[in-house]
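Peer 1: Single-letter residue listing:
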Amino acid sequence: MENIGKSFSNGTVALEHMSLSVARGSFVSLLGPSGCGKSTALRIISGLTRPTAGRLHWPAGQASAAGGKSADVGFVFQEPTLMPWATVFDNIYLPLRLKGVSRAAAHNDVMEALQRTHLDGFENAYPRELSGGMKMRVSIARALVTHPKLLLMDEPFAALDEITRFKLNRDLLELWEAYNWTVIFVTHSVFESVFLSNRIVVMAARPGRVFGELAVDEPYPRDEAYRTSSTYARHCREASQLLQAAMESTQ
Amino acid sequence: MSSAEENGRPVQPDRNNSRLERSEHRERLAKWLLPVVIFLVALTGWEALVRINEIPPYILPGPLLILQTLINDWSILSGSLINTLIITLSALAVATLGGVGLAILFAQSKWIEASLFPFAVVLQVTPIIAVAPLILIYVDSVFIALLICAWIVAFFPILSNTTLGLNSADHNLHDLFRLYGASRWQILRYLRLPSALPYFLGGLKIAGGLSLIGAIVAEFTAGTAGTGSGLAFRILEAGYRLNIPRMFAALILISFTGILIFLIFSWLSHLLLRKWHESAVSREH
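So the protein sequences, as listed, match chains G and H. When we follow our numbering, the leftmost residue of the first sequence carries the number 4, and every step to the right adds one. When we follow our numbering, the leftmost residue of the second sequence carries the number 119, and every step to the right adds one.
Derived from the structure by calculation, the hints contain no laboratory data. Some clues are possibly wrong.
[To be verified] Covered stretches of chain H, going by a simulated chain G footprint (3 or more residues, C-beta under 8 Å):
(1) 284-292
(2) 302-312
[Said to hold, decoys possible] To be clear about the criterion: a stretch of chain G counts as covered by chain H if any three or more of its residues have a C-beta under 8 Å from a C-beta of chain H, and this derived list gives those stretches:
(3) 94-105
(4) 183-194
(5) 207-220
Glycine included, each C-beta is placed from N, C-alpha and C at the ideal position.
This is chain G alone, in the form it adopts within the complex:
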């Protein structure tokens, strides 16, 4: 889907000569230790940060290389990043409101997003009334309300407990299959990346770069049986070893 080749520096070199092309419809995890520039890479793809060198290439008919500022990109942050003064409905409605869509016209889209993320009945709740996992669901619902083709996720479940994380992992895969998204998922959890993605890109720090890649050719849908299978364990071992090597390459 894209072909990113960029080096990036802002005093410290966050990313150097990073190239990555992501196929349409794939689920790619960026795995690496903290400080390897995973989040920076994601911000550059989203257009929030400009690369100091290199270019982004988008497929024809999509946003210009100057930035991914289009309806086709959804972003989920590490924190739920909700507006505390607004109801769940208004939080999810926000991207559409910013595009000038009226509340009435957006109603069905918002309700569908609520339903898809199992938030039915919570549209009038305020974020502070929700648990951490549910706030994250709202955040995901907000990202999918614009029907993006590309979803960028920056360690979205890092702050959640394991049980909630597993549940959201499964729900995310469900959504991914339903919407035919391309997902780029930043994480520092080997287990999460192996469970979710069909491709793991391991990054190394100082300077941030792509260290290696790993394909996870397991069929979807994946469920708890997969999580306890021996193939899952094998993939985890491989990913761990690659990550270990990436970290040693820094020292």
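Fit chain H to the known structure of chain G by using the hints.
Peer 2: Chain H alone, transformed into the frame defined by chain G:
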């Protein structure tokens, strides 16, 4: 009765429950009743002190006499109260508009803020009592002069709080707005203004009290020469006539006005924030 003791005996949940309810009810009642009782005791003590020592009213009037003066002189005092209220509320309104307007202007650019903020600080730190005579000389209309004085005192907390609030919007949310191509106006309307609301309301609560202080100080400076006949003027006038009970009565009206302003804005703040802001959300223990 410690809770551990109650936990040790799991029987009779009903009795424990009703006992808990009763104690809660008692606590709520005491919270209101206690300050009222203490206040009444203090007033009675004051009255007793005045009567037992036969202190003449031109030195220290008792609370009953003050109350009586308040009723007898109501026709004079109420007019003054309204005059003071008009200046206080107009100054507060102008301060709110000016403070929020300037804060929004400051939030547009660091350069504007850096250039203009010193003026705001100078206005704030210079004691109004020292500036008031100048303003009274320069401005013909006493009403406008009083308004300016009260405004100078009141607008700063609104300005500085709102500016802080506008700049305190969550960075990730700001990124999100940018990601979805929000315009400057949209960011202001949907992100920065709501973020600033709790700060603004905090500033408003302070400004409410300050605008009353500003109005009173300005009235004092204008003195008996002024055409205005606000409460401060009544205090001055009564002072010259050694009408101490009326001085107290005017003083009480000023206090009550201040308390009322504070309560109104506390209530307003609670109303606007109770759904989402930590400061106003009631928690269950």
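Peer 1: If a hint holds in the structure, say so; if it does not, say that too.
Peer 2: Hint check:
no.: 1; hint: 284-292; verdict: holds (count 3)
no.: 2; hint: 302-312; verdict: holds (count 4)
no.: 3; hint: 94-105; verdict: holds (count 5)
no.: 4; hint: 183-194; verdict: violated (count 0)
no.: 5; hint: 207-220; verdict: violated (count 0)
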